[in-house]
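Novice: The chain contents come next:
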Amino acid sequence: MQATSDEALISRIAAGDRLAMQVLYARHHVRVYRFILRLVGNATTAEDLISEVFLDVWRQAGKFEARSAASTWLMAIARFKALSMLRRKPEEELDDETAEAIEDLSDDPETTVQKKDKGEILRKCLSALSQDHREIIDLVYYHEKTVEEVAEMVGIPEATVKTRMFYARKKLSELLKAAGVDRGWP
Amino acid sequence: MMMSRNKATEREDIEALLPWHAAGTLSRRDAERVEQALAQDAELARRFELVREEMAETIHLNETLGAPSTRVAQKLFAAIDAEGEPKKGRGMSFQASAWLAGLFEQLSPRTLAWSAAAAGLAIVLQAGLLAGLVLSERGASYQTASFGEPTAAAPGAFALVRFNPAATAGDITKFFDAHKASVVEGPRPGGVYRIRVAATSLSQDELARAVARLAEDKNIVAFIAPAK
Chain A
1 MQATSDEALI
11 SRIAAGDRLA
21 MQVLYARHHV
31 RVYRFILRLV
41 GNATTAEDLI
51 SEVFLDVWRQ
61 AGKFEARSAA
71 STWLMAIARF
81 KALSMLRRKP
91 EEELDDETAE
101 AIEDLSDDPE
111 TTVQKKDKGE
121 ILRKCLSALS
131 QDHREIIDLV
141 YYHEKTVEEV
151 AEMVGIPEAT
161 VKTRMFYARK
171 KLSELLKAAG
181 VDRGWP
Chain B
1 MMMSRNKATE
11 REDIEALLPW
21 HAAGTLSRRD
31 AERVEQALAQ
41 DAELARRFEL
51 VREEMAETIH
61 LNETLGAPST
71 RVAQKLFAAI
81 DAEGEPKKGR
91 GMSFQASAWL
101 AGLFEQLSPR
111 TLAWSAAAAG
121 LAIVLQAGLL
131 AGLVLSERGA
141 SYQTASFGEP
151 TAAAPGAFAL
161 VRFNPAATAG
171 DITKFFDAHK
181 ASVVEGPRPG
191 GVYRIRVAAT
201 SLSQDELARA
211 VARLAEDKNI
221 VAFIAPAK
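Order-wise, the sequence lines are chains A and B.
1 is the number of the first residue of the first sequence in this note's numbering; add one for each residue after it.
1 is the number of the first residue of the second sequence in this note's numbering; add one for each residue after it.
Please note that a few of the clues may not be correct.
Said to hold, decoys possible - Label-pair distances were calculated between CB atoms; the ranges are:
hint : chain 1 : residue 1 : chain 2 : residue 2 : range
1    : B       : 228       : A       : 43        : 21 to 31 Å
2    : A       : 117       : B       : 32        : 29 to 39 Å
3    : B       : 156       : A       : 56        : 25 to 35 Å
4    : B       : 28        : A       : 119       : 25 to 35 Å
5    : B       : 4         : A       : 56        : 45 to 55 Å
6    : A       : 59        : B       : 71        : 51 to 61 Å
7    : B       : 66        : A       : 131       : 15 to 25 Å
8    : A       : 3         : B       : 209       : 35 to 45 Å
9    : B       : 219       : A       : 185       : 16 to 26 Å
10   : A       : 160       : B       : 213       : 34 to 44 Å
11   : A       : 86        : B       : 216       : 35 to 45 Å
12   : A       : 184       : B       : 29        : 25 to 35 Å
13   : B       : 84        : A       : 3         : 39 to 49 Å
14   : B       : 6         : A       : 186       : 13 to 23 Å
It is worth saying that the hints were derived from the structure and are not from the lab.
Since the structure is predicted, the reported quantities are computational estimates derived from the model, not experimental observations.
For every residue, glycine included, the Cβ atom is placed at its ideal position computed from N, Cα and C.
Could you build all of it, start to finish, from the sequences and the hints given here?
Specialist: Written out as structure tokens, the structure is:
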């Protein structure tokens, strides 16, 4: 017994198959939601956007090219929606999660190390990264995107994908060091 | 001089690949290059541990984000019902990258990726492999790990694990046998499985030690962390 591939589902969606749409939604909505939420930092906005993403899938399914993985296509639509929304959002509206992370990092290092374990500090620092850096780290570590897939989604050369990942990790190490965790790298 | 510069460049190239090696998304050829370098370079191996640590916490962070409410699905399918059938496109012949090009026309050109399909296939194969393992453990009826009997209240100690894509079904079966572990749920987003590592509950320290023992088997385990 084998599950229907995403590509087959999208083909059926293009023909107006609502059930195929439900299956595709069930399969991907959590992952896409988390990707958007990490970009926009607000659960209500992320929920609104995810609805728009899948509505676009329904409308554009006939234009899907099977040469890209379906999940990459979905994430690319999600990314576009999220970035469009962020461009409309005033810069001063810092999301709560990021604000909290930055506030916590301003604790003096010793206090921070005492009150939180290393994993928790690392997660705070991951949340305090810039949008570009958060995005690439999530795409590589959580969404398991290859160098080529990230390049296609983000619209940058493959070499830049590797460089951006390196600088994201370097920045993460700097934030950790500021929070009292010296990893001896870079 | 030239030789050492070449070596330094090669090392930088390999180091740049470490995040993808940890995620199991490199081609077999690149993965072998990285494995070879890690075996010969202790500092590179130490840096790889930092990468694995980052990956573990990135997964942990994303896993705590929850899921959208049912309101989203209701709103979406109401909109679909109101809209009717999708526009007839050009079947499966239009390029996703062309769709993106329309949206991102103000951005720089991107490279098309054939290997995306290969990476997707690897994930599907791995999920299938795990489903097969659960099937073989539970007898004749088909059951995926995701839809087994409720396990949330089951006794035991648990961990979240992502398997190395290069690991075979036989390798993973031996791994489970050796550690008396079993899959109870998954795959979750990110290809992560919840596994039972002990039949009874363990203290935080005991669980950390158990997880550390499992993590030693790097040919099988790409990522592992304690779970509730």
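Novice: Take the hints in turn and mark each one as holding or not.
Specialist: These are the hints, each one checked on the structure:
no.	hint	in the structure
1	228(B) with 43(A): 21 to 31 Å	22 Å, holds
2	117(A) with 32(B): 29 to 39 Å	35 Å, holds
3	156(B) with 56(A): 25 to 35 Å	43 Å, violated
4	28(B) with 119(A): 25 to 35 Å	31 Å, holds
5	4(B) with 56(A): 45 to 55 Å	52 Å, holds
6	59(A) with 71(B): 51 to 61 Å	21 Å, violated
7	66(B) with 131(A): 15 to 25 Å	21 Å, holds
8	3(A) with 209(B): 35 to 45 Å	37 Å, holds
9	219(B) with 185(A): 16 to 26 Å	25 Å, holds
10	160(A) with 213(B): 34 to 44 Å	39 Å, holds
11	86(A) with 216(B): 35 to 45 Å	42 Å, holds
12	184(A) with 29(B): 25 to 35 Å	30 Å, holds
13	84(B) with 3(A): 39 to 49 Å	28 Å, violated
14	6(B) with 186(A): 13 to 23 Å	21 Å, holds
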